[in-house]
Every structure is written in C-alpha cells, then in structure tokens.
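A.B. asks: Sequence:
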Amino acid sequence: WVMMASPYSDIGSTINFAICWNSLVLISTLYGKNLISYTQSADNLSLYSLKDNKQSVSETTRETSFKFSAFHIYYNTLFKNKDPLSDEWLTWFIGFAEGDGAIQTYDEGKRVRFVLTQKESGILHKIQFKFNMGVVKHFPQGKSGKNNDFYRWMVDNPSHILLLALLFNGNLAQSHRIKQLALWVNALNNRLGSCGATPETIKLNNTPVPVTLQDGWLSGFTDAEGCFNVSITANSRYTLGHVIKMRYILDQKDGVILNKVYELFGFGKVTLRSGTKDVYRYTATGFKALHDVIVYFKLFPLQTKKAFFFWKMINCS
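Numbering of the sequence shown is given in full-length UniProt numbering, commencing with residue 1 and proceeding in unit increments.
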C-alpha cells in the first residue's frame, strides 16, 4: 500500500491509499500539497503525486455544510477524463439517495452494495451516466401492464462503492442512513486491513448534516419521497364556483427529518400516515402557505417527472 497527500482541508480524517482490490485506490489527507493521479499497469493501479497540478475541481457555490473534496479527488482518480460533477448536483443526489437508496451490507458484513429503486427509469439512467458506473435493471411485475414495474440502479464494484462511501461520509442527514454507512465503513476497513493497510482507513463521520433551504438536498429527497397535487372541488360559495386546493406532501418512516422540514418552512403538519403504523407524512396546504415551497423548488429544481406536477400546481395558482 502507498500513502499520498491531499491539499484539501475539509476531509477531516486520515485516509490511506491502498492497492488491494482490482482498480481500488484510497485517498489520504496528510500534510502535503500534492494532487493525485494514477497510471494503469497490467493488473492493478500504480499511484504517483503531481506537484502543483492545477487540475483540481473548483467552482463557486453557495455556502453549505456539504463537503465533497475527498469524493472529487477519488472521482478524478477513477475517471480523470470525465467532467467533474457539480456540488449542487451531488447534494441533490444525496437527498435522493437518502429517500430511495439502500446502503446494503450482507454476507456477514463482508460485502456491500448500493441500490436505488424507482418506477421512473429515466432518472436512474441519468444517474448512471453522470457517475459512469453501476447498471440499471428492469424488474417487470406480472401481466398487469407497466404500472407496477420498477427499475434499480445497482453498484457492486468495490472502487465505485468506495467512491460512494466518500460521497456519503459526513454528508448524510438521517441517522439511520449513517448507521447503514457505518457498516459499509467497517466492511471497507476490514477488507483493506486484510490487504495490509492501516486500521480505520476511512474514519466514519457520524454527525448528521443539517437540512437547510440553501442547497438541493430537499429537492432530491422530494424527488424520492414527495409529491404535489391539486384538487378542484365545486363550491357555490366562491365566485368561480369551485375551490382549488394545493398540497405538498412528504412520506417517510423517519419522522425526525419531516419535523425538520416543518421547522424549515414554519408551516404544515407532521402526522402518522393513515393506515400505517410507522410511516409519517408532512403536509403543507394552501396558496399562501406554499409560497416558500415554490420559491425553494424554483431555486433548486426537481429532476424527476415530479417537476411536471410541480409546475402544473403553480399554473393552477
């Protein structure tokens, strides 16, 4: 195994490079000013440092609590000819993954996998293309048409799992997701330790990132777990002869995160969803109440077909 340096200060823990799995390298934050690159040998990777290399990812973004330097370094190591992924899109993706993703550990903690499940195949193919990894699989459900079919983006490659671990570490908002990530980190550290790397190659950051209206996390989370609807009901008491009712809804087993959304907007309510024992629902209703919701999603647009229903709701107002 090899140790190298990172110029970034927000990674917050020492991570060592290791050449163990096929195409697997890890990143370190030591005390140098070198950037990372690699060459491909016949069977594995060789690493070297490029002093004063100007190829680091930089962009002007609004101030958020999300930190992506470790991810960007390793992404550039794996896919050096690919365009960098923007921090804004990565923040949206994390929110989406916390809603619809599965951070899986199995085979007695020895194997890991990431899965995103969606009825909408287009967004999964977009994610696959942007990350340049994983496969999208179609799961037909009987003969009742395609309404019950679903799709999964699945990532198993150890190098790609490591990339996602670096992305999620310190950037997750929900405690149960952090617990799932902890199992990933243990599996990665155990595997790398068996290859001769030092213990705690990746140090888990178990502090939840705060949910705010200053980034795209809630947009991604809504693409996964939310909906917008408009109902028109006949009512002779109104001049137009009907009343229009607008609603923004989020469903989740994690009632804590929904209460945080309630606190952000300052209106709506969190209740136990009717007919369930452990699913909570945040509901915001009405033109005036939804003003801040509309402002937020105009600033951080939805990326699934739910964007259509959002704009349909606005056009009814």
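Calculated directly from the structure, the hints in this document are not laboratory data.
It cannot be assumed that every hint is accurate.
Unchecked claim - Straight-line distance between alpha carbons at most 25 Å, and here's what the computed PhoX-like set of lysine-lysine pairs gives:
#1 K260 - K67
#2 K312 - K298
#3 K288 - K312
On a predicted model such as this, the values are computed, not experimentally measured, just so you know.
A.B. asks: Which of the stated hints cannot be reconciled with the structure, identified by number in ascending sequence?
C.D. replies: none
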